[in-house]
Amino acid sequence: MDGAATVEPMLAVTGLRYEVADRVLLDGVDLKVSAGQSAAVVGPSGSGKSTLLGCLLGLIRPSAGSVQVAGGDIAKMRRRALERHRSRHMGVVFQFGELLPELTPVENVALAALLGGSKAQRAYQRAEELLGELSVPYRGVPTGRLSGGERQRTAVARALINDPAVLLADEPTGALDAATRDSVTEVLFAVTRRHDCALVVVTHDAEVADRADRCWELKNATLVRRDPGVRS
Amino acid sequence: MRERSLSGQLLRMGRASGLRAGGGHVRAVALLLATAVLTLGLTSMVAVHATYEGIELRSANRALQFKDAFPDRHPVALGKNDFDEIDGRQFSLVYLRPLAKDMPLPPGIDQWPAPGEALLSPSLVQALESEGAVGRYGKLVGTIRDEGLASPGEKYGYVNPTDRQLDKKAALSIVGFGGEKGLRTGDPLFVADEGKFLTALYLILLPAGALAVVAARMGSAGRDKRTALVSALGGGGRHRVLLNVGESAAPILAGAALGMLPGLCVMAAGNLRLPWINYWVSAADLQRWWWAVPVMGCAAAAVLLLLVCALHRTGRRRRTRATRLAAHKGHMVRWAALACPLLVVGTVWGPAQLDPAQYADLRMKLYNTGVVAAMATLPCAVAVGAAALGARLARSTRRTGGAGALIAGRHASAHPGVVSRLVAGVGIALVLVSQVQLKNSQFGESARAAQATVNRVGTSMLLMHIDAGVLTRQQLDPVLQRFPRGTEMIALYPPTDSAPGAAVRLQGSCPALQAVQLTCSREPTSTAVRSADQRIAEAVLWTSPGGERIAAQQGPVLPTGTGSAPRTVVLASSDGKDLPEAQINQLLRDALPLAAVTVESPGGSWLVGANNQVAHGRWAIFFGLPGVLIVALGIVLANLAEFLRFSHVVAPLSVLTGERKIYYSTALWTLLVPMLATIATSVIVASWLAMPQVSEANGVELSSGMLTATAGALATLAVLTWWWGSRAAQRQSSQWRPHGE
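Residue numbers (this note's numbering), protein chains in the order written: chain A, 1 to 232; chain B, 233 to 973.
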């Protein structure tokens, strides 16, 4: 199971294993995604997708294996180092956006940069640029009043503002209707390619998974390569 | 068997869910505090009852048995009960001369003092020491033990009078001590009724009840969901109870134990002096009721367990209330904010426009209504101010880059209702405390007038009342001659008939009359009271109310023969400075029969009574202050839970960026700054609202010490809330996982 790429992978998962209460959730998981490439992970509920995402984010410490992000093994890092590394090199888009409704879209996006240590002026300027690029109306509208699609695009902009090497998307279109889903998916894949990020999308949606360069299915605690268009 | 194991499992499940609860176990701490406060309130009720019972018991044991009540028994002593005062508070003294060597003794003493000697309570000795007058009642030969005192801090004394002090004709025959028909002396005459005390305790019990409800309902959304789930799975009431008990039992039991500690400590460690109120609680009294303390702890724990089990929605769940306000609610907050300053100005200015003589009642009703309305709208004013500043604060982060300020600023701007609920407890607590203090410092009409007189003339004029029936001029003359230099005496004779225009007759030496600006003449010189010297006007006011004219003439203060001796002599200092009242009283006490002559400030007896009332009022503040702090704490806890819900939204960002301090800066702007701003605003508003009540002349003033203490306590509470909220939110965020809901 190898998403082998021609260039040095930004994300390289090797021999990942995680077990809890005598139950093996992940076993010998390998995954490599290079800059500008995308990978989709699909699987039924309870197959371990969330656990895999937790391991990729460093929120769950695996029993064995390594998770190399931008050259650093986050599975072995101490908490402070891990948080710094994650802040610098990783971005995440969640199913429900996880945006603060009272803030404007610019503020929501800039907030991630401010928390990442950017200067205020630079953070706001970059946020406006990204929102412009993703066609989100950001002037004078609280985020709470944006449509579902606009909110997810704002979440994509927020995930990109710290120029991450790896972008993780957790069911990014799960809460959207079909038309909005297509536009958000389009934006997600296009913008990460443009920004030269390695993208990992965890999804139930086969339509979304088919847009990725490679698609894996999490089956029996391991990743199995799946061809585009094939439904499990 | 299976049922038993299921019960155990449900209890363990409940316990586990309590341990795993997010938010730094805020609910567990709230439950612990609520149970502790309720236990403390209930044990205080027991303590009050035990104390009164002890007072009654010991007072009965030392009660004076007069011959009149026991005609068959032989007198064993001659004497009388008397009163004195220190710092404006009255207390009892028992003057007795034994008639037999084997006179029975009251409890707490081993031997009756010899003539000219005294046995005093430790508290009275301490008070006299601070005045440098330990020998005031004679040579101090010992102290009275606790079993002879109504309470450990009682001021009380047994004195064996000197021959000069003892007027055998006027003294009463005593046949013994104790028993039902005896005369109670000491504290029972001065303490408020037990019922009043128990009522005052509601000031703690009601807020404790409110805190208990708040604590039981904290983080209720998750539990309501669980309860509904258990019901849907076929679980009955018993199963839900077991789950809830399992979750809450540990903090509730710990709280009950904590609440019992003060009572148990007093029992074990000895008498306790209550701070500020300066009352000593007897450990012996509490020991008699030792069993009631654990009972009250169990009762409080039972109440809390009942609440955590009962306050859950089981049936169809109502729609969760959104944290975001509906538009009309936002409007209401804004209207209320606008009304607040108008209400404050209206309350201060409006009632004052009505004639106090005609509309006293209406004025008070309008004022009280205004205070309540101002209190209710004050949090809205702060919230709207916070909303305006919040938007600016958020905009300022474009320059400063403060992430916490950005989040909190936008939150305050979007949710003024939430902010107003957060600060309501703090604002209401401050205004309420100031009002309670003001109401309790108010004297009755006569006492207010007496205080006004004292404020005007101090002790530069005193009134000496003479019991002419028991004194001869030969007894009085040598004492009056020993009065401190500069003490002028003028005899005062009220008009003999009540005819309008009848003059008050004043008679004294030329220097005495001239000291109070009266003409010295052998013939009576008539003057209007209102144009007389202030000290004379006050003397007339307090001895001959309604007297409009005075007739002054030169003559001896004490005429020959006791029949026409004046009942009142005005003592005035020749230089207008204060007279040494204590020294004059001591002279009279040492040289004359007991209580034959008394010297006091004009209206002094009114003041003593009023001071007693004020002292009783201090208890209301003593119970009320913690009460309002408990209310503030309850509301703060409820809002802390709201902050935790709100901060949950920030968790993904803070975890992913590794920025955990964000909660401290967010809570700084969301919790601490609004609360501190409310404290500052409330102090100003409370001071303004107090203005119509404050009257320096009548001694009614807003206690700045009390206001500062309350503001300080609330500020400490605000800092604690900030720290607790930040820490709890930070811990909560560490549990965040994608899909981890």
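Please keep in mind that the hints were generated in silico from the structure rather than gathered at the bench.
We treat Cβ as the ideally placed atom computed from N, Cα and C, and that holds for glycine.
Be a bit skeptical, because a hint or two may be false.
Derived SDA-like pairs (lysine to any residue); straight-line CA-CA distance at most 25 Å [claimed, not checked]: (1) B:Lys400 x B:Arg892; (2) A:Lys76 x B:Lys809; (3) A:Lys76 x B:Leu900; (4) B:Lys400 x A:Arg84; (5) B:Lys893 x A:Leu82; (6) A:Lys119 x B:Lys893; (7) A:Lys119 x B:Ala912; (8) B:Lys893 x A:Arg78; (9) B:Lys671 x B:Lys371; (10) A:Lys219 x B:Ala847; (11) B:Lys312 x A:Glu83; (12) B:Lys671 x A:Glu83; (13) A:Lys76 x B:Ala912; (14) B:Lys893 x A:Arg80; (15) A:Lys76 x B:Arg969; (16) B:Lys893 x A:Glu83; (17) A:Lys76 x B:Lys893; (18) B:Lys893 x A:Arg79; (19) A:Lys119 x A:His85; (20) B:Lys893 x A:Gly54; (21) B:Lys893 x A:Lys219; (22) B:Lys893 x A:Gln121; (23) B:Lys893 x A:Arg88; (24) B:Lys371 x B:Lys893; (25) A:Lys119 x B:Leu819; (26) A:Lys119 x B:Lys400; (27) B:Lys809 x B:Arg680.
Some, not all, of what chain B presents toward chain A, calculated at C-beta under 7 Å [unchecked claim]: (28) Leu594; (29) Lys597; (30) Ala635; (31) Leu638; (32) Val881; (33) Pro884; (34) Ser966.
A few chain A residues facing chain B, derived, Cβ under 10 Å [to be verified]: (35) Leu103; (36) Thr104; (37) Leu114; (38) Ala120; (39) Val191; (40) Ala206.
Each hint tested on the structure:
Restraint check: the Cα-Cα separation between Lys400 (chain B) and Arg892 (chain B) comes to about 85 Å, which exceeds 25 Å; the hinted pair is violated. As the CA atoms of Lys76 (chain A) and Lys809 (chain B) are separated by approximately 86 Å, the hinted pair breaks the 25 Å bound. This hinted pair does not check out: Lys76 (chain A) and Leu900 (chain B) have alpha carbons roughly 35 Å apart, beyond 25 Å. Simply put, Lys400 (chain B) and Arg84 (chain A) have alpha-carbon atoms about 96 Å apart, too far for the 25 Å limit, and the pair is violated.
With a CA separation close to 16 Å, the supplied pair Lys893 (chain B) and Leu82 (chain A) stays within the 25 Å bound. Straight-line distance between C-alpha atoms of Lys119 (chain A) and Lys893 (chain B) comes to about 17 Å, which keeps the hinted pair within the 25 Å bound. With a C-alpha separation of about 34 Å, the suggested pair Lys119 (chain A) and Ala912 (chain B) falls outside the 25 Å cut-off, and the hint is violated. Taking the CA atoms of Lys893 (chain B) and Arg78 (chain A), the gap is near 18 Å; set against the 25 Å cutoff, the hint holds.
Our distance criterion of 25 Å between C-alpha atoms is broken by Lys671 (chain B) and Lys371 (chain B), whose separation comes to about 42 Å. At most 25 Å may separate the alpha-carbon atoms for a hinted pair to count; Lys219 (chain A) and Ala847 (chain B) exceed this at roughly 79 Å. For the suggested pair Lys312 (chain B) and Glu83 (chain A), the alpha carbons sit about 85 Å apart, so the restraint of at most 25 Å is broken. Between Lys671 (chain B) and Glu83 (chain A) the CA atoms are separated by roughly 58 Å; this puts the pair beyond 25 Å, and the hint is violated.
Distance restraint check for Lys76 (chain A) and Ala912 (chain B): the Cα-Cα separation of roughly 51 Å exceeds the 25 Å cut-off, and the hinted pair is therefore not satisfied. Only pairs whose Cα atoms come within 25 Å are accepted, and Lys893 (chain B) paired with Arg80 (chain A) is accepted, the gap being roughly 13 Å. Restraint check for Lys76 (chain A) and Arg969 (chain B): satisfied, since their Cα atoms lie roughly 19 Å apart, inside the 25 Å limit. At roughly 13 Å between alpha-carbon atoms, Lys893 (chain B) and Glu83 (chain A) fall within 25 Å of each other, so this suggested pair holds.
Restraint check for Lys76 (chain A) and Lys893 (chain B): the C-alpha separation of about 24 Å stays at or below 25 Å, so the hint holds. Our distance criterion of 25 Å between C-alpha atoms is met by Lys893 (chain B) and Arg79 (chain A), whose separation comes to about 15 Å. The suggested pairing of Lys119 (chain A) with His85 (chain A) holds, with an alpha-carbon distance near 19 Å, which does not exceed 25 Å. Between Lys893 (chain B) and Gly54 (chain A) the alpha-carbon distance is near 22 Å, which keeps this suggested pair within the 25 Å criterion.
For the hint linking Lys893 (chain B) to Lys219 (chain A), the alpha-carbon distance of about 39 Å lies beyond 25 Å, and the restraint is violated. At roughly 21 Å between alpha-carbon atoms, Lys893 (chain B) and Gln121 (chain A) fall within 25 Å of each other, so this suggested pair holds. The hinted pair formed by Lys893 (chain B) and Arg88 (chain A) meets the criterion: a straight-line CA distance of about 17 Å does not exceed 25 Å. Between the alpha carbons of Lys371 (chain B) and Lys893 (chain B) the distance comes to roughly 69 Å, so the proposed pair goes past 25 Å and is violated.
With a C-alpha separation of about 83 Å, the suggested pair Lys119 (chain A) and Leu819 (chain B) falls outside the 25 Å cut-off, and the hint is violated. Distance restraint check for Lys119 (chain A) and Lys400 (chain B): the Cα-Cα separation of roughly 96 Å exceeds the 25 Å cut-off, and the hinted pair is therefore not satisfied. Among the hinted pairs, Lys809 (chain B) with Arg680 (chain B) is consistent with the structure: their alpha-carbon atoms are about 23 Å apart, no more than 25 Å. Taken as an interface hint, Leu594 (chain B) does not check out: its beta carbon lies about 46 Å from the nearest beta carbon of chain A, beyond 7 Å.
Because the smallest distance between the Cβ of Lys597 (chain B) and any Cβ of chain A comes to about 43 Å, over 7 Å, the interface hint for this residue is violated. A hinted interface residue such as Ala635 (chain B) counts as satisfied when its beta carbon comes closer than 7 Å to some beta carbon of chain A; here the least separation is about 4 Å, so the hint holds. Because the smallest distance between the Cβ of Leu638 (chain B) and any Cβ of chain A comes to about 6 Å, under 7 Å, the interface hint for this residue holds. Given the 7 Å rule on beta carbons, the hint for Val881 (chain B) holds: about 6 Å separates it from the nearest Cβ of chain A.
For Pro884 (chain B), the shortest C-beta to C-beta distance to chain A is roughly 5 Å, which falls under 7 Å, so the interface hint holds. A distance limit of 7 Å between C-beta atoms decides the matter here; for Ser966 (chain B) the minimum to chain A is near 10 Å, and the interface restraint is violated. Among the interface hints, the one on Leu103 (chain A) holds; its C-beta lies about 5 Å from the nearest C-beta in chain B, closer than the 10 Å criterion. At a threshold of 10 Å, the smallest CB-CB gap from Thr104 (chain A) to chain B is about 8 Å, leaving the interface hint in force.
Among the interface hints, the one on Leu114 (chain A) holds; its C-beta lies about 4 Å from the nearest C-beta in chain B, closer than the 10 Å criterion. With 10 Å as the threshold, the beta carbon of Ala120 (chain A) comes within range of chain B, its nearest partner Cβ sitting at about 3 Å, so the hint holds. Among the interface hints, the one on Val191 (chain A) is violated; its C-beta lies about 18 Å from the nearest C-beta in chain B, farther than the 10 Å criterion. Taken as an interface hint, Ala206 (chain A) does not check out: its beta carbon lies about 20 Å from the nearest beta carbon of chain B, beyond 10 Å.
In terms of the numbered hints stated before, the structure departs from hints 1, 2, 3, 4, 7, 9, 10, 11, 12, 13, 21, 24, 25, 26, 28, 29, 34, 39 and 40, listed from lowest to highest.
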